[in-house]
Amino acid sequence: MPMADSVMYSEQLGQLNGVLSRLRSHANARAAFLIDRNGQQIASTGEDLEAMDATALASLTAGNVASTDAIAKLIGEREFFALVHEGEKDNLHISLVNSRIIMVILFDERSSLGLVRLRVRQNNPDLVEIFEVIEQRHAQEVALAGANASPFAEITDDDIDSLFS
Amino acid sequence: MTFINYASREINCKIVYYGPGLCGKTTNLQWIYDRTGAAAKGKLISLATETERTLFFDFLPLELGTIRGFKTRFHLYTVPGQVFYDASRKLILKGVDGVIFVADSQEARMDANVESVRNLRDNLKLQGYDLMTIPYVLQLNKRDIPGAVPVPAMLKALRVKNEDYFEAVAPKGTGVFETLKGAARQVLISLRKAS
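Residue numbers (our numbering), protein chains in the order written: chain B, 1 to 165; chain X, 166 to 360.
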């Protein structure tokens, strides 16, 4: 049974955006993204974001991580913590924040792989902490409010029909 | 696994089109993409071989509208149908909220249909899901081909839990949106029950 157990709150999103912006600035990177392993985009910051198809980026990155994760297991590794894609001008650094969240850093010649790696490592604990807070908060809200915790608990057939009208 | 974003007031659900090779999964997505307004859809991504067979997945993000003040987004995926891409199929089922099984109505593909349902059941189990409880609809595609297997015979061979079924001719759009609506409805209803 699918559970609505992946959530995001405004306060924590603000904190995540703060860490991402700091990381991007300190790494001299073009953009930084947080994505969940199922391909949903969580947060982003950077240059020319409007020109980028962030939804497709999230889906393809999650597919990429899932596929390399399976390859890791084939060769006896638990997982690959980071992937690097080198392009002519732009490069991607993809790493795991925790078991559910992926971070993507887009960088060019203004930065370097070493600097990006360093900044990712320095900022990762802050991100991990914020995601722990989100999980705890969600668990508390579910425990307190039970079935009424979700805005969809009282969804009606008319609500659903209206989507397809 | 549905993702509820309270910050942007969005809900995202994942629906996967499953079925044997060449049954019409990508054609379903292509029709939806072609007939949906630009504002409601994202880019259709196809990771395909040179001969246009799905290699990893097709992906289409679709925004259906607002429900209870939340933008409702469905991420539609197809799996590669060919038998030897099983490792990829397993990955694409991660975090799935609902499944559409696309069956090929040709007599010669009935065995492949049956095998693919079995494969779906096994792969869902590996991801911690149960075919008997997950939102699920059956599409009987290619109903226009001469000698199509009669509907009762297809249902007898393929229906697993009295799920809703839809007759379709995907290249002409027949039954395509009806199938998607059937699956989306079940996903939203399951959200009500799960919350």
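FYI, nobody ran anything at the bench for these hints, they're computed from the structure. Computed from a prediction, not measured in an experiment: that's the story for all the values here. Cβ coordinates follow ideal geometry from the N, Cα and C atoms, glycine included. Treat the hints with caution; some may be incorrect.
[Said to hold, decoys possible] Covered by chain B, according to a simulated footprint, are these stretches of chain X (three or more residues, beta-carbon under 8 Å):
(1) 169 to 177
(2) 200 to 213
(3) 218 to 229
(4) 280 to 289
(5) 306 to 319
[Said to hold, decoys possible] Here are the simulated DMTMM-like cross-link-like pairs (lysine to aspartate or glutamate), alpha carbons at most 25 Å apart as the crow flies:
(6) K208/X x E132/B
(7) K89/B x E47/B
(8) K206/X x E135/B
(9) K346/X x E47/B
(10) K236/X x E77/B
(11) K259/X x E50/B
(12) K255/X x E77/B
(13) K259/X x E135/B
(14) K73/B x E328/X
(15) K346/X x E132/B
(16) K206/X x D159/B
(17) K236/X x E50/B
(18) K259/X x D158/B
(19) K236/X x D158/B
(20) K346/X x E154/B
Q.
For K73/B and E328/X, compute the direct alpha-carbon distance and say whether it is at most 25 Å.
A. violated (36 Å)
Q.
So is the stretch 306 to 319 of chain X in contact with chain B by the C-beta rule, three or more residues under 8 Å, or is the coverage claim wrong?
A. violated (count 0)
Q.
Run the distance test for K346/X versus E132/B: straight-line Cα separation, threshold 25 Å.
A. Violated, at roughly 35 Å.
(Q) For a C-alpha distance cap of 25 Å, please report whether K89/B and E47/B respect it. (A) holds (15 Å)
Q. Are the Cα atoms of K255/X and E77/B separated by 25 Å or less?
A. Since the Cα atoms of K255/X and E77/B sit roughly 19 Å apart, the hinted pair holds (cutoff 25 Å).
Q: Decide if the proposed pair is consistent with the structure: K346/X and E47/B, CA atoms, cutoff 25 Å inclusive.
A: violated (37 Å)
**Q.** Coverage of the stretch 169 to 177 of chain X by chain B (three or more Cβ within 8 Å)
**A.** holds (count 7)
Q: Examine the stretch 218 to 229 of chain X for residues whose CB is less than 8 Å from any CB of chain B, and state whether their number is three or more.
A: Result for this restraint: holds, n = 5.
Q) Is the hinted pair K346/X and E154/B satisfied, with a Cα-Cα distance of at most 25 Å? A) Holds, at roughly 20 Å.
Q) Given the hint that K236/X pairs with E77/B, does the C-alpha gap stay at or below 25 Å? A) violated (39 Å)
Q. Holds or violated: are the alpha carbons of K206/X and E135/B at most 25 Å from each other?
A. Not satisfied, since the Cα-Cα distance of roughly 30 Å exceeds 25 Å.
Q) Keeping to a limit of 25 Å between CA atoms, is the pair of K259/X and E135/B held or broken? A) The hint holds at about 20 Å.
Comparing the model with each earlier hint shows violations of hints 4, 5, 6, 8, 9, 10, 11, 14, 15 and 18; every other hint is respected.
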